[in-house]
Structures are given as C-alpha cells and as structure tokens.
Amino acid sequence: MSDISQAYPYEENGYTLYSCATCPYAQRALRAFCIAQVPHKVVEIDLLNKPSWYHLVNPQLKVPTLRTPSGDLLIESLVIAEYVADQFPKARLLSLDALERAQLRLFIELFSTRISSVFYRVLRAADVDDQEMEKKKLLEGVREVSRELENQWERESGKGGPFWYGDRFAYAEVATVSFAGLFRVLDHYRGFQVPDTQEYKGFNKWFGAVVNHPGFTDVKPDDAALIASYKRFLP
Amino acid sequence: MSSSSTTEYPYEEGSYTLYVTKYCPFAQRALRAFYAAKVPYKLVEIDLDNKPTWYHLVNPQLKVPALRLPSGEILIESLVISEYVADQFPEARLLPTDALERAQLRLFVEIFSSKIVPNLYGALRAASVEEQETKKEGILAGIRDASRQLENQWKRVNNNEGLWLGDRVSLAEINTVSFVNQLAAVEIHRGLVVPQSQEYAAFNKWVEAYSARPEYTEYSLADDVIAEKLRKFLA
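Protein chains in written order, with my numbering: chain A, 1 to 235; chain B, 1001 to 1235.
Keep in mind the hints are simulated off the structure, nothing from the lab. Positions of the beta carbon are idealized from the N, C-alpha and C atoms, including for glycine. Wrong hints could be hidden among the right ones.
[As the list claims (entries may be wrong)] Derived coverage of chain B by chain A (criterion: at least 3 residues anywhere in the stretch with Cβ under 8 Å from a Cβ of chain A; other residues may be distant): (1) 1104 to 1110; (2) 1118 to 1131.
[Claimed, not checked] The following residues of chain B were derived to be distant from chain A, with all beta-carbon distances above 12 Å: (3) P1052; (4) P1096; (5) D1167; (6) V1194; (7) V1207.
Kindly generate the complete structure, drawing on both the sequences and the hints.
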C-alpha cells in the first residue's frame, strides 16, 4: 500500500480513511463507504497512541479523516458522509428533495443533542443522583426520537419504516447507529435499558431493525473492545 | 398577511413565512439565503425579549429562525434552513454541485461555528482579563484558519475576486458573515484587533469583498449597535 518515502501512509489513486474502530464518529464515515459500496483503504489510528505522522493528515489529531484519490484531505464525520452521498449518487444515501433532506438533517441533529451527547453525561456523572437525572433526560430524548421516527414513517419517503427511508438503511442510519450502539456500553456500566413500552415503540422498532442489518453489524466494533474503550469516560 | 380563524399562529397562505429577529446572527443566515436566492416570503418579526404566546406552535424551542413552507411544514435550525433554500432553489447556485467543493465549503463554515463563535461569546462572558485574552486568541486562531482555507480555495477556483466562490455569494458567506459582524462587540468591549499581516490577508480581502455586496449590507448592523446588543453577555 504505502511507499516508504511517503510522509504518511495512504492508498495511491484510492480513498484512504483514517479511522478508529471504537470511535462512533469514525464509524459514520466507514458506514457511508460501506453502504455506498465504495472501495476504500482503512488506516486504523490508535487514539491513545497516535502515530507521529498523523498531524500531517489531521492537525487536530482527530478521526475520521478522508484522503481522496486527488490528495485532498477532508475532516468532520458528517462532512465526509455527505461527501460520499454527493459523490456516489447511485447509492441513494440521501434524498434529492430539499424538504426531505432538511427533515433528515433535523433528525440527525435531534439524535445528536438529545441522545448522543447525553450518553456521555450519563457515563461521566459522578454521583448516583446526577446519573439518574441524566438517565431521565436520555429517556426523554429517546421518546422524542421515537416520535420523530413515527412522524417520518407517515411520510412518503418513510413508508412505514423500519428505517428512516422505509426499507433502506441509508444516510440517517449512517449518521446515528454508531451512537445507538452505545446503549450497550450504558447497559454495562450504568444498568440502563430502553423500556419496551408504547412511548418507545418507534425507537425500538428502528433499533431492532438496525442491529440485525449488515450496515450496522459489518462495521460494529466488538462488544468487549467497545465497552473497554468507554471506561476512560467514567469519573 | 392572512390567517384563518382556525389557525393559531400567523402565516402567509401559499407562501413561505420566515420567523426572525433581525439582529440575531443565526436568523440572518435565513434572511440572507432568501435574499440571495431571490425567493419571496413573508417576514414575521419575533421580539426575543417578549415572545408572542403563539410562537411555541411554530418552534417549541422558542428560537429563531423558523420557516413555514407553503405546504405547512415547519423547519428550524439556521443551517438547515439556509441549506434548504440552496437545495430548493438550485438555480441560485448557493452551493457548488461538485461533491468535494461542497465538502470544502462546509468545512469553511464549520470554522466559524466551532472556533470563532464560541470564542466570540466566550470573550464577552469572560470575567478575567486572562480568560478574555485566551478567547480572543481563539478567535484569531480561527480567523487564521479561515484565511488559510480561503487561500487554498482561491488557488482551486483560480478566481481572485474575494468571495469564496470567486465572484458570487454562496452559503460560504450566507452562513458566516453575521458572526464576523458580531466581532465588533469583541473589538469594542474587549479590544480585539484583527491584524493586517500576511496570515490574515486572505480573510481581510474576503471581508472587504463581501462587505460591498447587498446580501451583506441589507442585514448588517453598525458596530455600535452590535456592541450595545451584545452588552448583556458581558461579565
């Protein structure tokens, strides 16, 4: 793959994705490539022991980073995922309709602020009272996401679910399922589970379909590695 | 403007309705997008210090901007709204069509959202001079980053007229210039000075270029007005 004289390793004339298997942001980029079926080389970056050359790829030292065949470097997980959607339109990752795109972006934003961000707060909370408060907020977020999914499934582009675009695992899942996968971590460290009641029906239907889809399982880090990688967030 | 007796909030039938506060930099993204795309709409001004009792029906988060479509759907989030306008009115060319160029434009906008804006409000809020200096340096670091990206971009488009896409306004300006306008508050209250040296040259050229455009001047506010509006953030 790499010529020894290169300042940093990359795939000549191809896509190189600098990633970390347990990082949910990096998984967004990986999933975009996998769902779009675009060949790519993965260079795994150990976030706790970054290679000395990595600053040449991303001065902020974060993952993911994408190197395109032309040598351009892109950062930010959603910018990379959207680049894949734009560059490979036949994969139909993202609808072309302006309103549908806007509604999908709002869903991703909702998921991020009401679920993903709260995960970390549940893990970080030092005392039990704070943990309980954050868990309550998380459940509220799951209910909101649940309602949004049900709204979407009434629309033409959602056609009854179980995914955002009906029967297709696509951009909405690419952007969110790695964070949904963190429920496994919360169960392990904080005994947290989403109830199986009416208010969570939409989320559970979606998540049940997600965990069995290769779009999720193909890029899923192994449970033990994932759980171990989140230990450092505990107080 | 019409509203039937069965509706509970004001809107324009068969048209776009934009709920904004004219001095809000986030709302200005939506205003500039509609202006640049030359799309007619009804403007409903929201007094953020005295919100109408019906506004929660438009946006439960009570923020501006919000956009009601002719079909009745409501969109929130300034970046989602400006991108909706770009998608819905492609003839306005507010975004490039090439995937890589779109990604690079998004990353330029991201510098403002992630580096400049938080430090802008941070500098105002900071109580100690030491913290103010740290935040001011954060703003300048963001500006240097933006300057480098402008230089790279102008090499790519081979067009040196000063806007991101060269000679025309795009989301690169629409999504950012209101925050550059806001920097006046940090200049007046915290003594921020953007140098004229080489590292800032591209940024300064870009500011000069867009400042002459009606897309900017239609909604920009005078420095002393901005300074007064943002006084409430001062520690």
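The hints, checked one at a time:
Interface restraint, the segment 1104 to 1110 of chain B with chain A: holds (4 residues with C-beta to C-beta distance below 8 Å; minimum three). Look at the segment 1118 to 1131 of chain B against chain A: 0 of its residues bring a Cβ nearer than 8 Å to a Cβ of that chain, fewer than three, so the hint is violated. P1052 (chain B), annotated as away from the interface, keeps every beta carbon of chain A farther than 12 Å; the closest lies near 23 Å. Residue placement check: P1096 (chain B) does not keep its beta carbon more than 12 Å from all beta carbons of chain A (closest about 10 Å).
The claim that D1167 (chain B) is not at the interface with chain A holds, since no C-beta of that chain comes within 12 Å of its own (minimum 23 Å). Once the 12 Å rule is applied to beta carbons, V1194 (chain B) is consistent with being away from chain A; the minimum gap is 22 Å. The beta carbon of V1207 (chain B) sits about 24 Å from the closest Cβ of chain A, which is more than 12 Å, so the claim that it is off the interface holds.
Checked against the numbered hints given earlier, this structure breaks hints 2 and 4; the rest are met.
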